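2 protein chains.
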Amino acid sequence: MVATQQRIFFFGEGRAEGHGGMKSVLGGKGAGLAEMTNLGLPVPPGFTISTEVCMAYLTGGRRGLPPGLWEEVLHYMARLESAMDKRFGDEENPLLVSVRSGSAQSMPGMMDTVLNLGLNDQTVQGLIARTKNERFAYDAYRRFVAMFANVVLGVPCERFEQVLEREKAELGVEQDAELTVKDLKELIDRYQGLVRSETGREFPSDPYDQLQRSILAVLDSWMGPRAVEYRRIRQMSDRGGTAVNIVAMVFGNLGETSGTGVVFTRNPSTGVPGLYGDFLLNAQGEDVVAGIRTPQPIEKLATILPEAYRTLLTIADTLEAQYRDMLDLEFTIEDGRLYMLQARVGKRTGLAAVRIAVDLVREGRLTVRDAVMRVEPNHLSYFFFPVFDQQADAKSRFLVKGLPAGPGHASGRLALTSNTAVEMERRGERAILVRRETSPDDIHGMNAAVAFLTAKGGMTSHAAVVARQLGKVCVVGCDAIDLGADGTVRIGTTVLREGEALSVNGFDGKVYQGDMPVIESEVVQVLQGRMRPEQSETFRYYATFMEWVQAHQGMQVRANADLPDQAKLARLFGAEGIGLCRTEHMFFAADRMPIMQQMILAETKEERTCALNQLLPMQKKDFIGLYREMNGKPVTIRLLDPPLHEFLPKREALMMDIAQLELTTGNPIRLAEQRRLLARVEELHETNPMLGLRGCRLGIAYPEITRMQVQAIMEAACEVRAEGIDVAPEIMVPLVALASEMITQKVLIQTVADETMGRYEMRFPYHVGTMIELPRAAVTADQLAQAADFFSFGSNDLTQTTFGFSRDDAHTFLDRYLHRSAECVHCGRRTLDVKRLTCLHCGEAMTRPQANILSDDPFVTLDQEGVGSLIRLAVEQGRKTKPTIKLGLCGEHGGDPASVAYCHQLGLDYVSCSPYRIPIAKLAAAQAAIAARSAHQEAATDGQVPR
Amino acid sequence: MVATQQRIFFFGEGRAEGHGGMKSVLGGKGAGLAEMTNLGLPVPPGFTISTEVCMAYLTGGRRGLPPGLWEEVLHYMARLESAMDKRFGDEENPLLVSVRSGSAQSMPGMMDTVLNLGLNDQTVQGLIARTKNERFAYDAYRRFVAMFANVVLGVPCERFEQVLEREKAELGVEQDAELTVKDLKELIDRYQGLVRSETGREFPSDPYDQLQRSILAVLDSWMGPRAVEYRRIRQMSDRGGTAVNIVAMVFGNLGETSGTGVVFTRNPSTGVPGLYGDFLLNAQGEDVVAGIRTPQPIEKLATILPEAYRTLLTIADTLEAQYRDMLDLEFTIEDGRLYMLQARVGKRTGLAAVRIAVDLVREGRLTVRDAVMRVEPNHLSYFFFPVFDQQADAKSRFLVKGLPAGPGHASGRLALTSNTAVEMERRGERAILVRRETSPDDIHGMNAAVAFLTAKGGMTSHAAVVARQLGKVCVVGCDAIDLGADGTVRIGTTVLREGEALSVNGFDGKVYQGDMPVIESEVVQVLQGRMRPEQSETFRYYATFMEWVQAHQGMQVRANADLPDQAKLARLFGAEGIGLCRTEHMFFAADRMPIMQQMILAETKEERTCALNQLLPMQKKDFIGLYREMNGKPVTIRLLDPPLHEFLPKREALMMDIAQLELTTGNPIRLAEQRRLLARVEELHETNPMLGLRGCRLGIAYPEITRMQVQAIMEAACEVRAEGIDVAPEIMVPLVALASEMITQKVLIQTVADETMGRYEMRFPYHVGTMIELPRAAVTADQLAQAADFFSFGSNDLTQTTFGFSRDDAHTFLDRYLHRSAECVHCGRRTLDVKRLTCLHCGEAMTRPQANILSDDPFVTLDQEGVGSLIRLAVEQGRKTKPTIKLGLCGEHGGDPASVAYCHQLGLDYVSCSPYRIPIAKLAAAQAAIAARSAHQEAATDGQVPR
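For the protein sequence lines, the chains are P and B, in the order given. First residue of the first sequence: 73, per the working numbering; consecutive thereafter. First residue of the second sequence: 73, per the working numbering; consecutive thereafter.
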């Protein structure tokens, strides 16, 4: 650090040496205070020691403050004294300060703060004299001693609580407020005695000593284990450091004309303009947090302290104009005078984010392009799903948190089996299906339920994928849920039974006991024609915003949709085609399953063909529906993909059934039938079905399946074209590893397609392409491109094989990989309290948390280094062979904003995702396009143009 | 084709226009005939139409012979007439010729041949006059009509057989030889009548017409479906074409001074020098093939026709000197005079190949380098395994052919369960274990059996891998084997029961009913000290050859060995270290399994540690054994890799057991135990265990396992170093996908290693590396190399994930992929007769066979395009980060010669394979090094030096 660089920045008396743009030097809090000071807003004066001091201190081996700094601090303290007209350490008119950390990126609660600094047995007298409030002064002193001793001297705060509880017990007193001045004095003595016995030294009474040690403690807290872990989890750099803010104390607890509060400049749930928040009279920030007294809504302030309220309104407007965003403000009123303590951009729901962005454009504060960049893509899902009614005052109890796999809020009754869920639905009840994990057998129950909750499985487990497909609320991987054999569900100490009320938050993974009312999505109601746009303000905001998104969207967004009603929904959400129709999903319907089984059980080609002939008209009907819904937009149909045994009864179930039939010797015919079925199931049984007889291997082993499917695809196209709809089917061959597989299937597809078009006396273009979902396909893409009109990256399977992670099983270790930092090394449970570094289960302490192995679930966010480099290779190789080849991605990643942005970088033509993710993917695509254009423009002005 | 190029090449009268080096122009047969003529050997004169004529004919659209060619043929026929002093088509002294195909690469039986051409009702009279043998002449005529009609006119040969059988039945005659001249004349009439009715035309009587049409038929046969398919299967080019050889006929069936025979210049089974083969007096080649008369051993010829025998001996020596190899010769003796009809390099067993190569060096005919190149690496396995005793005259019946997965010959008694195999072994019987497929549960039975035979599974199934590991004979994937529930085995129509005699050939996959005596490997007996080298000539040849191999070997060869006795064997076979010790194999022993289960079932870390503490001394003892055996050579130890449920009872078995216990309500304690066990098994159950909780994921989830294993590795090293053996353990982390996984495990390994060395007050080098067996590891090898001292390519798993093929399941479709050309499109069975293009099962005909999807099993021979390019990438990236990184490969491919050669190209430091493959890998490595050096030298003389 160059000595001439400014290390301390003053703010106060209407001027600051720093400003809002200096976050990296002043930290977020310091920059906000400087900005507000410069705007002429009432901010208690103070000064900020820059983050560079922190880094110099740490890199210098923590050997005291850098040379000369303490002298500068003393100089700035003198300025502060003069600004406040008080003196630090003075017995008559003492200046008290807070010492707070504040880094460039927000790290809430991770670093240290000391309030009321400057108090000792002498200065407390001055505070009494000035405030005429003895009880307030001693209470402030008591709090200071405990806080300083904890933060600076390392005495655990529990010890102070124990002392307090003991004194209250001795006095027979229940509330802190009942303590008299005498009691408080006694308490301060006891606190100081505790410090003496814990540290072997006296509590420091010299305010400058207090100040210096507090500054060092704040600097140290940057590398405290909590902070380090917090940054590691979020992949934030350890460089940066924290600033130290030393600010004159103002007090909201000086009486009925004092108070403190937190407000948003607009409603953070709905985005409706106008202050939103609450305040407490005669209170400090701590009291608000403690929740002993109920705060009042901010509007009440208008009647109680109208002057302060008007000031707050003006300040809010000034700050919004400056920040061009909704803000989260903290203020304190001391003796009727309002002071701003913090201003930062406010967190909000998706509904609010869109409304605020649109309103800010309308208010002339934001450009459309900026508005598009302002909304987090995932936030759009708030528009499509039911949400808990914020107005309703429902009773509920938090139970457990899992992984949020299907967005939305839901409440209903616990169902333990799919059949129960179906029964409940028939009775008009909302079922919440709770299972260890789900399987294709549960589809009817999942269809009937409003939400599913599973003990196992990750973000791409069966339950999660189906949930997003069906638009159901879903929470998975709740390890803490224990499904008893006796029909109960145990969650921690709570035992639930079938039929009890549950509520599930699919946005954050939280599960509650009790029934929380939900309100349906207005956007979905309007899109489906059940509500008129005029009736829904929410819809109109959504529609405006999506128009802007569409105008900036680069890459196309298609839908993964298997059935006509899904295609319809996708189109309503703005899909530019179907990127993936999984034909096997058409066979899971109850009326089709038996025919599918017949096809699989067939022992001769004739039997198989007979079953396929029954499936043909069903498939064809579905395709006709899809083509009609998409009305000329591209439709990509994937040939049969999953292992055949997915359509057959479970092996174990059959074995059990046969064992019972054998023991009871009841039904010899059924026994023989079940034995035959088991024999075929055994034949099809695979150790690793994911890597077995599936994908194009099926179509090669049983060409008659491919033949039937292509016939259905082409007959449907012929018939829909006869209606005047321009269909050009895209037929996709799954799980290709070898160019020879692709060629074999392509020849068959062409034969059948030509045959079919001949019968209809028609001729129209159709395309044959392949999924790239195996590493071998990616590295031999140049060969595959010779036979393929398009590639669609099947990023789910490609992730599975690239990592060697089974999507069905990986949760057991993936979960650990992602949350290892919360795992106790002693008992192995994920019960580490990261703040205290002790285990909540076994109580053991750790010196530092373990490093996480993965920062993101690769089944949710595309792994750019590994899977991504294979995709990049395939893109390059494929385009080299066939420059016109169409490239898309159709895994779950197609709906993940970060992955969509990466696909844009890779130059893909489209992504395809489940219907409910389409608007999200479109927004992510628009943001990627805007960001690329900005980078391009910036580079252009630098004289460098990226391609 | 340029018209001035010579299109026809004459040979005869001691001189040929071509020579032995012109295989590509004259085909193999034509080149051989020219070479022998030039050497002054007795060869019937003739001429060869070049392969270029064939390509000109085919590319010209098969519109007759190229311009001017027929005139040239007539010119050469005139030269042939003059050389033979006979005239073609002459009624008094007719010249007869054979018209034979012959391409550059041997395609036995794939193209067409016509013998005795030139016969008609007139010329047959001349033949009678000249040979004074009316019956011979009419028999030759009859054979010619049938052969010409079949090859040239396309009349199926069965028709002629039917006519012959009918006539014999009418005459009441059983043998062809009983037919009189009158009968033969009648037969010729009937044959010609058949041709008339089948083709609607007369049989062509003009010899020149016969000649031209035969030449065209031979040219056409190059693109016949059989030939095309033959080439496709063997990846041979369709370019090349066939030559046409027109050769004067000589007859071995003119009486007791005539004859025909086939000899090898050395014994093809043993390599012992001296003619080996047999002959038939008064016979044509066809009669030898028909096998009606028993031929006599060639030595007998010395007494019967001593002049001809002496000539043959001289010729054999001349040709061996010329070809510098053992040859396979065809000859005919006409009236005491010997003619050579063919000379080509002879096929041989591995034993013979080595002896011949060594002898040829000693005879001064070959350099050592050439000798090393002469032996096919896989052929070495003949030295290590028992082989059927060629002397013994055992009765056996061929039953079925599977995939040869474990080399050697074995015979014994059929065992259907592992327990039976163990019992048989106890009774001193040799058991052949026949199973649908094997699992780790069968290990004790597999140990007891001499061979295993499975209905399912491919070359890298459990049975195959274990067989090669244990050195057992093994045939897998015998689809035709049907294991009945009643304890019988059905193979086609044969039904076998437990205890019946079976013989298995693990070199070619053939299975026989009956007991064929086998003799033990002398090499193994000598290596294991059970026989002295002086007692075994075979051993001495082997040892000499392997010394030469060692001298040329570039890359090192290590062993995959898990236990001390395997390590010992590996060392005896010349292993330069252990490349892969699979620590889990140490736990499958009967006394260790329960402790392993206890470890897995542990519910707390304490319980688990307690079980691990019991395993520690066992592991350590094994490592001590390994280190001692390898005596300072590198030992790579892989940490625990397989899914834990491999060590637990099967889920289905437990469920069945519990169901029975529940129904019988017999034993409540056992029921509770089994339920607890099932619960844990359920917890560990995975849909795709190959992609589940295994490899380093185990070590990360249960660090105490890694800790125990590293402690055992290092304690063993300390103790063995104290004995004066220089051990530097290489600790290998399996299934790494992420650099963070590697780093986490490496930190733990280092901690434990340092701790352990500290306790022993020692300090020595050890290395920590990783398997590269997932595509993600390959594409991020640059990152992994930062933490790894070495990479070992786990090509089995890398093949699985790159292709998305499960090694356990892929046989169902891989088998089809490899043999699709033999599959009937009508019935789907692999029963297509490729020669006749009809299905042996359903009898349907096909126009052409389907293309194979794969030419090689990627689990046997490394897939260079896909898996190979990932390995290449990892090699480049790894070396870029750490130029000194040691690189090896330890999958099954390490013992496959083609893969070893590829590893040499990639620049790996070593390959590692099962002990019995070590000499094979060493030979492959030596051949790769020699080939690379030759290429280097050739390039150097061209002025280009490859790196």
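Please keep in mind that the hints were generated in silico from the structure rather than gathered at the bench. Accuracy of the hints is not assured; some may be wrong.
Under the rule of at most 30 Å between Cα atoms (straight-line distance), these lysine-lysine pairs were calculated in the DSBU-like manner [claimed, not checked]:
#, chain 1, residue 1, chain 2, residue 2
1, P, K372, P, K240
2, B, K693, B, K958
3, B, K952, P, K952
4, P, K467, P, K692
5, B, K693, P, K473
6, P, K693, P, K640
7, P, K954, P, K818
8, B, K818, P, K677
9, B, K818, B, K958
10, B, K692, B, K582
11, P, K677, P, K692
12, B, K473, P, K722
Bear in mind the structure is a predicted one, so any value in this text is a computation, not a measurement.
inquiry  = What's the verdict on B/K692 and B/K582, does the C-alpha distance respect the 30 Å limit or exceed it?
reply    = 42 Å, violated
key: Distance restraint between P/K372 and P/K240, which requires alpha-carbon spacing of 30 Å or less   = It is violated: about 35 Å lies between the C-alpha atoms, which goes past 30 Å.
ask   = Is the Cα-Cα distance between B/K952 and P/K952 30 Å or less?
value = 26 Å, holds
request  = Sort out whether B/K958 lies within 30 Å of B/K818, counting only the CA atoms.
outcome  = Distance ~17 Å between B/K818 and B/K958 Cα, so the pair holds.
ask   = Straight-line Cα separation of P/K693 and P/K640 no greater than 30 Å?
value = 15 Å, holds
key: Given hint P/K692 paired with P/K677 - CA-CA distance at most 30 Å   = Cα-Cα ~22 Å, so holds.
message = Tell me if the straight-line CA distance from B/K693 to B/K958 falls inside 30 Å.
response = With Cα atoms ~27 Å apart, B/K693 and B/K958 stay inside 30 Å; holds.
query = Within 30 Å, alpha carbon to alpha carbon, are B/K693 and P/K473?
reply = 47 Å, violated
task = Verify the proposed pairing of P/K467 with P/K692, using a straight-line Cα cut of 30 Å.
result = Status violated; Cα separation ~50 Å.
ask   = Taking 30 Å as the top limit, are the C-alpha atoms of P/K954 and P/K818 close enough?
value = Between P/K954 and P/K818 the Cα gap is close to 17 Å, so the pair holds against 30 Å.
query = Going straight from one Cα to the other, do B/K818 and P/K677 come out at no more than 30 Å?
reply = 55 Å, violated
Hint consistency between B/K473 and P/K722 [alpha-carbon to alpha-carbon, up to 30 Å] = The hint is violated at about 33 Å.
Hints 1, 4, 5, 8, 10, 12 from the earlier list are contradicted by this structure; the remaining hints agree with it.
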